[in-house]
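**Student:** Chain residues, written in single-letter form:
Protein chains: 2
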Amino acid sequence: MQIEPQAFDRVLSSMCTEPHPVAREAAERFLATNPGDPGTYPTVSALEDEAIERLGEIAGLDEPAGYVASGGTEANVQAVRIARERADSSRPNVVMPESGHFSFRKAADVLGVELRIVPTDDRHRATVEAVRATVDDDTALVIGVAGTTEYGRVDPIPELGEIARSVDAMFHVDAAWGGFVLPFTDYEWHFGHAPVDTMSIDPHKMGQAAVPAGGLLVRSPELLDELAVDTPYLESTSQATLTGTRSGAGVASAVAAMDELWPAGYRRQYVRSQNNAEWLADALKKRGYAVVEPSLPLVAADVDRGTFEALRAKGWRLSRTAADELRIVCMPHVTRTMLASFVGDLDRLEVRASVPVASDD
Amino acid sequence: MQIEPQAFDRVLSSMCTEPHPVAREAAERFLATNPGDPGTYPTVSALEDEAIERLGEIAGLDEPAGYVASGGTEANVQAVRIARERADSSRPNVVMPESGHFSFRKAADVLGVELRIVPTDDRHRATVEAVRATVDDDTALVIGVAGTTEYGRVDPIPELGEIARSVDAMFHVDAAWGGFVLPFTDYEWHFGHAPVDTMSIDPHKMGQAAVPAGGLLVRSPELLDELAVDTPYLESTSQATLTGTRSGAGVASAVAAMDELWPAGYRRQYVRSQNNAEWLADALKKRGYAVVEPSLPLVAADVDRGTFEALRAKGWRLSRTAADELRIVCMPHVTRTMLASFVGDLDRLEVRASVPVASDD
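In order, the protein sequences belong to chains A and B. In this text, residue positions in the first sequence follow my numbering: the first is 1, and each later residue adds one. In this text, residue positions in the second sequence follow my numbering: the first is 1, and each later residue adds one.
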């Protein structure tokens with residue numbers, strides 16, 4: 001089978017990236033292992049414990065529990081599932097801002113819970129008062145996002161945590177994308193900053209591990225016991241997952257990446273990515289686009305759909321927000337040269353659009 | 001990070017194996033791709049279509065629909081979810097033989113459906129009359145297993161399918177492990193043999209692909225639409241999954257393996273594995289153990305727990321059935337030499353056990 005995947009040099013809207021070389025090497029070394037079967041594969045199972053330790057360090061949790069999931073979607077679904085199991089109500093609801101990831105809609109559908117979606121403010125962040133007005137005694141879970149999918153925004157995590165506490169609901173922070181850049185900012189987002197119960201934080205996004213390597217962290221191990229099936233307590237953390245067989249490549253690559261890059265390498269990457277995002281935002285503003293200022297390395301701008309499709313026709317891998325803006329995620333593989341090339345193509349399209357086309361009529 | 005995984009040369013109870021070299025190479029080539037984002041990764045998304053085509057060919061389905069899942073657990077959970085969505089009853093139940101995989105218990109817990117477990121017969125197969133007596137008008141799904149986890153048994157698939165039809169329930173066949181060996185037997189197990197609606201069939205087990213590569217096949221595309229969230233029809237098959245980001249490595253390795261090995265390579269492997277299982281069964285019977293005759297390449301025998309633990313202490317990766325038998329799965333990496341070495345160690349332990357130990361008292 002001689003097919004090649006496309007290169008990364010035109011991928012601008014993905015929250016995944018090329019795995020770091022040490023992560024790739026670890027993935028290949030552990031390709032034929034299964035942490036879902038700790039008895040057969042004890043080495044990679046021990047590596048998973050180490051991955052959780054390191055994720056806990058990043059997320060401000062001294063005695064972390066959790067596991068390496070297939071991705072942020074599984075982590076988010078499982079967080080909702082834990083909350084459902086602990087809910088007092090027979091009709092539990094989950095409250096989240098509209099910027100919450102699609103995986104929470106999937107979770108509500110799969111798990112049979114009501115999802116209450118609260119509008120964000122004009123800066124695309126959760127509106128604290130609206131969340132406060134939406135929770136009630138049946139609320140099992142409040143969700144805050146630390147690095148939203150469309151705009152890279154950080155919700156007011158401590159305030160949302162207090163609202164959850166006020167109605168005896170759990171509080172989940174989705175830091176699937178943001179978790180590996182936020183440590184280098186002034187945002188309050190993690191277990192040390194707020195009454196967070198569960199968190200998604202994905203090594204295979206900004207963590208530069210290989211797919212699949214998502215992360216579910218929980219404040220204490222008995223929260224994971226809620227995921228046990230048929231028994232009151234987990235016999236093994238690996239039974240808690242939504243899968244059976246799991247990828248040792250993902251687990252090993254997560255440990256290798258964090259071993260190599262935390263904290264200095266991730267800090268350097270954050271600075272580079274944030275600088276790139278700000279450079280791009282400036283470049284687009286100069287050209288007359290309305291730009292959502294990047295709080296994290298993600299830029300949205302009102303580039304019209306015609307230009308957007310023309311850029312895609314040139315090979316750029318792009319996606320748009322629900323409000324129909326262009327959305328660029330400055331992942332580690334995104335270089336200043338790539339962005340300059342992108343802006344150059346944008347300029348050429350704009351020139352072409354403004355030059356009258358000779359008519360054949 | 002210089003840790004190495006243990007070698008495969010002592011792994012005897014895993015349903016996973018070393019990926020075939022072409023599968024490993026494809027996995028490495030597509031490591032940094034995500035079929036959960038077809039717009040950004042069109043090449044690997046097209047490969048997934050091809051994987052489903054080939055799985056359909058193996059499973060007797062002319063116009064297959066489905067997707068490459070994280071594993072058999074996700075495929076089984078999603079099959080139950082499809083049945084739940086289509087059920088007329090407000091209290092749907094799922095009927096399965098006790099040999100059904102743990103993932104169906106997980107599915108029932110996650111999805112909030114009742115699971116009715118029917119005892120197997122003395123040959124560890126589903127008891128048709130007991131299943132018939134257990135289904136009722138609330139039954140949404142009947143499950144048959146083609147290659148059970150503990151004994152490698154094949155249920156009477158056509159009869160179970162008829163029972164499902166008789167109560168307007170769906171019929172799911174779990175061929176996660178068996179699907180890549182059954183084509184070379186006389187068993188009736190697939191879409192061409194019975195009114196099968198959905199099937200699990202995992203390339204990363206006997207298919208010799210890299211983890212993660214499970215498979216969910218459905219008889220017609222509208223069954224997948226039941227997995228859509230918020231919309232009546234799927235906009236993209238990739239929305240149907242239980243995950244978000246997915247492993248392109250798994251998808252590419254599945255296509256590469258099937259391209260290389262179907263059908264002749266898989267046939268040769270089945271013959272080799274079945275011969276190994278029968279050799280092992282004979283060797284154990286000669287030594288006085290009660291052996292469950294292998295219908296497929298899986299051997300169970302009443303090796304006592306003390307001997308079992310001593311074998312594990314020698315480095316053999318082994319597991320036991322719920323009835324406390326030793327369970328050996330003759331996967332592609334399991335060679336006659338490995339089995340002979342295993343039996344040799346067993347013999348040495350038996351000798352030691354029968355020689356009186358000089359006492360220190």
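Honestly, the hints are just simulated from the structure, not real lab data. Heads up, the beta-carbon is just placed ideally off N, CA and C, and yes, glycines get one too. One should not assume that every hint holds.
[As the list claims (entries may be wrong)] Which chain A residues face chain B? A few, computed with CB under 7 Å, are given here:
hint, residue
1, Gln-2
2, Pro-5
3, Asp-9
4, Cys-16
5, Asp-49
6, Glu-50
7, Ser-103
8, Pro-212
9, Ala-256
[Said to hold, decoys possible] Computed footprint of chain B on chain A, listed as stretches where at least three residues anywhere in the stretch have a Cβ under 8 Å from a Cβ of chain B:
hint, region
10, 121-135
11, 272-281
12, 288-301
**Student:** A closest beta-carbon separation below 7 Å is what the hint needs, so does Asp-9/A meet it against chain B?
**Tutor:** The hint is violated - Asp-9/A has no Cβ within 7 Å of chain B, the shortest such distance being about 12 Å.
**Student:** Tell me whether the statement that chain B covers the region 272-281 of chain A is true, taking a Cβ distance below 8 Å and needing three residues at minimum.
**Tutor:** violated (count 0)
**Student:** Does Ser-103/A pass the interface hint, meaning its C-beta sits closer than 7 Å to a C-beta of chain B?
**Tutor:** Holds, because the Cβ-Cβ distance from Ser-103/A to chain B comes to roughly 6 Å (cut-off 7 Å).
**Student:** Just to make sure I understand the rule, a stretch counts as covered if three or more of its residues have a C-beta closer than 8 Å to a C-beta of the chain. Does the region 288-301 of chain A meet that for chain B?
**Tutor:** violated (count 0)
**Student:** If you take the shortest Cβ to Cβ gap from Asp-49/A to chain B, is it below 7 Å?
**Tutor:** Asp-49/A check fails; min Cβ-Cβ to chain B is 13 Å, beyond 7 Å.
**Student:** Let's test the interface hint: is any C-beta of chain B closer than 7 Å to that of Gln-2/A?
**Tutor:** violated, 10 Å
**Student:** Do at least three Cβ atoms from the region 121-135 of chain A come closer than 8 Å to Cβ atoms of chain B?
**Tutor:** Answer violated; 0 residues pass the 8 Å Cβ test.
**Student:** Is the interface hint for Ala-256/A satisfied, with its Cβ closer than 7 Å to some Cβ of chain B?
**Tutor:** Where the cut-off is 7 Å and the nearest Cβ of chain B is about 5 Å from Ala-256/A, the hint holds.
**Student:** May I ask you to test the interface hint for Glu-50/A with respect to chain B, counting a Cβ-Cβ separation under 7 Å as satisfied?
**Tutor:** Since chain B brings no Cβ nearer than about 9 Å to Glu-50/A, farther than 7 Å, the hint is violated.
**Student:** So, as I understand it, the hint says Cys-16/A touches chain B; can you test that by seeing if any CB pair is closer than 7 Å?
**Tutor:** holds, 5 Å
**Student:** Min Cβ distance, Pro-5/A to chain B: is it shorter than 7 Å?
**Tutor:** Where the cut-off is 7 Å and the nearest Cβ of chain B is about 5 Å from Pro-5/A, the hint holds.
**Student:** Taking the closest Cβ pair, is Pro-212/A under 7 Å from chain B?
**Tutor:** holds, 5 Å
The structure is inconsistent with the numbered hints 1, 3, 5, 6, 10, 11, 12, although it conforms to all the rest.
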